[in-house]
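*Asks:* The chain contents come next:
Protein chains: 2
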Amino acid sequence: MPRGEGRRFDFDVEASPEAGPAVPIPDTRTRILAVSLALFNARGLGRVTTAEIAAAAGIREGNLQYHFPRKSGLVEAVFAAFEAEALAVAGRMPADPAAPEALLGYQRAWFDLIWRYRCIYRDGIAMVDIAPALRPRIHALRAETQALARGVFEAAVRAGRLRIAPEALGRLIDNAWIVSSHWMNHRLQGGTTLTEADLDWGFAQLRDLFAPYLAPDSPD
Amino acid sequence: MPRGEGRRFDFDVEASPEAGPAVPIPDTRTRILAVSLALFNARGLGRVTTAEIAAAAGIREGNLQYHFPRKSGLVEAVFAAFEAEALAVAGRMPADPAAPEALLGYQRAWFDLIWRYRCIYRDGIAMVDIAPALRPRIHALRAETQALARGVFEAAVRAGRLRIAPEALGRLIDNAWIVSSHWMNHRLQGGTTLTEADLDWGFAQLRDLFAPYLAPDSPD
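Here the protein sequences come in this chain order: R and C.
So the first sequence is numbered by full-length UniProt numbering: it starts at 1 and just counts up by one.
So the second sequence is numbered by full-length UniProt numbering: it starts at 1 and just counts up by one.
The hints are simulated quantities; they were obtained by calculation from the structure and are not laboratory data.
Keep in mind the model is a prediction, meaning the values are calculated, not measured.
Any given hint could turn out to be false.
Note that identical chains are pooled: a pair holds if it fits in a single copy or bridges any two copies.
Distance condition first, Cα-Cα at most 25 Å in a straight line; then the derived SDA-like pairs of lysine to any residue [what the hints assert, rightly or not]: (1) LYS71 x GLN107; (2) LYS71 x ILE125; (3) LYS71 x ARG47; (4) LYS71 x GLU101; (5) LYS71 x ALA98; (6) LYS71 x GLU52; (7) LYS71 x THR49; (8) LYS71 x VAL89.
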């Protein structure tokens with residue numbers, strides 16, 4: 001195993017062993033958002049109260065309200081974080097689109113993002129009920145990320161990695177979008193608990209959509 | 001164009017030209033259900049009021065309430081009609097599973113059913129809000145129809161029409177289920193209006209899932 005493997009998701013700060021002020025403590029707002037996302041993922045975006053978030057973040061409710069006067073603002077901030085990451089992940093063109101693992105890595109990054117923000121996909125209806133202002137942003141983000149993904153897949157076609165006619169590529173992207181967005185609710189059948197095993201299940205569903213169109217790997 | 005083309009959805013009664021008692025008038029309950037389904041499909045299951053249904057059926061609200069004291073009962077009756085048809089369609093094994101059009105015809109019948117009852121798919125959340133008693137029936141129906149569909153696809157594999165490994169068949173059926181159930185909301189992006197052009201769009205999405213696994217048609 002190459003050195004550094006297994007810690008590729010660490011932050012830069014963890015690589016600096018010095019004690020003291022080099023290790024930043026996340027500010028309260030950042031901590032509130034991280035705690036909120038964890039609770040929303042675990043228990044459902046519509047079910048978690050601001051009192052529970054304050055308690056889990058170890059702050060008073062008054063302090064939470066100082067940062068986020070209403071739950072809608074908190075939900076909007078979680079969505080904004082997702083929005084920024086989604087645009088980055090969707091537009092991250094693989095360095096070599098012809099490489100055997102290029103598309104798989106791209107899809108996995110998108111899928112991992114969906115998993116980290118699974119409350120947004122699983123509880124989408126509750127989300128726009130709480131924060132109706134998000135509706136146009138959801139649609140805009142969807143259009144932007146789909147256009148970015150299309151660019152990546154078209155590069156894979158040009159590189160000979162994906163063998164598919166242009167009109168079928170559009171349908172493949174739409175099917176991938178539908179399956180990526182709805183596999184959780186399909187898997188849940190009304191509950192709210194998902195585990196890493198479900199994540200593997202969902203990714204296998206996505207992978208199979210592309211499998212028939214992947215160019216076979218060269219033998220060497 | 002063969003004689004009778006374009007009227008294949010007519011009821012038998014239209015083929016009997018005699019005037020008089022041979023032409024049955026649908027009973028009030030049947031008429032209420034047909035009108036309800038049409039309004040639910042057109043305007044959204046959660047948006048249509050019982051007053052509007054009574055007006056569209058040409059009856060007094062008191063008469064509607066005699067048949068369906070609450071909207072939940074009306075929604076349950078619409079679901080019961082869907083339930084009966086879904087079990088019939090899902091279990092209708094093609095006469096010759098090896099025939100080129102066998103699977104396509106089977107899928108189209110299922111897809112047309114989804115379209116005729118599109119309010120159930122498009123407004124599923126509103127449906128269980130209005131009639132929570134449907135929740136276990138939805139899950140039971142899903143399990144039954146999935147098992148029936150699996151039987152039909154396994155027959156197509158045995159007949160050499162579908163070329164796919166057993167574990168990939170399970171994923172294909174799940175993907176087909178996810179796409180069939182969610183293409184409408186994907187297409188709508190929050191609105192409620194769908195046209196026949198959307199129906200064609202959705203069916204092309206479903207067809208493409210199976211296309212890579214279909215055995216090529218024999219040349220004669």
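*Asks:* Evaluate each hint against the coordinates.
*Replies:* Status of the hints after comparison with the structure:
no., hint, in the structure
1, LYS71 x GLN107, "neither (32 Å within a copy, 44 Å between copies)"
2, LYS71 x ILE125, "both (15 Å within a copy, 23 Å between copies)"
3, LYS71 x ARG47, "within (12 Å within a copy, 27 Å between copies)"
4, LYS71 x GLU101, "neither (41 Å within a copy, 53 Å between copies)"
5, LYS71 x ALA98, "neither (45 Å within a copy, 57 Å between copies)"
6, LYS71 x GLU52, "within (12 Å within a copy, 36 Å between copies)"
7, LYS71 x THR49, "within (8 Å within a copy, 32 Å between copies)"
8, LYS71 x VAL89, "neither (27 Å within a copy, 46 Å between copies)"
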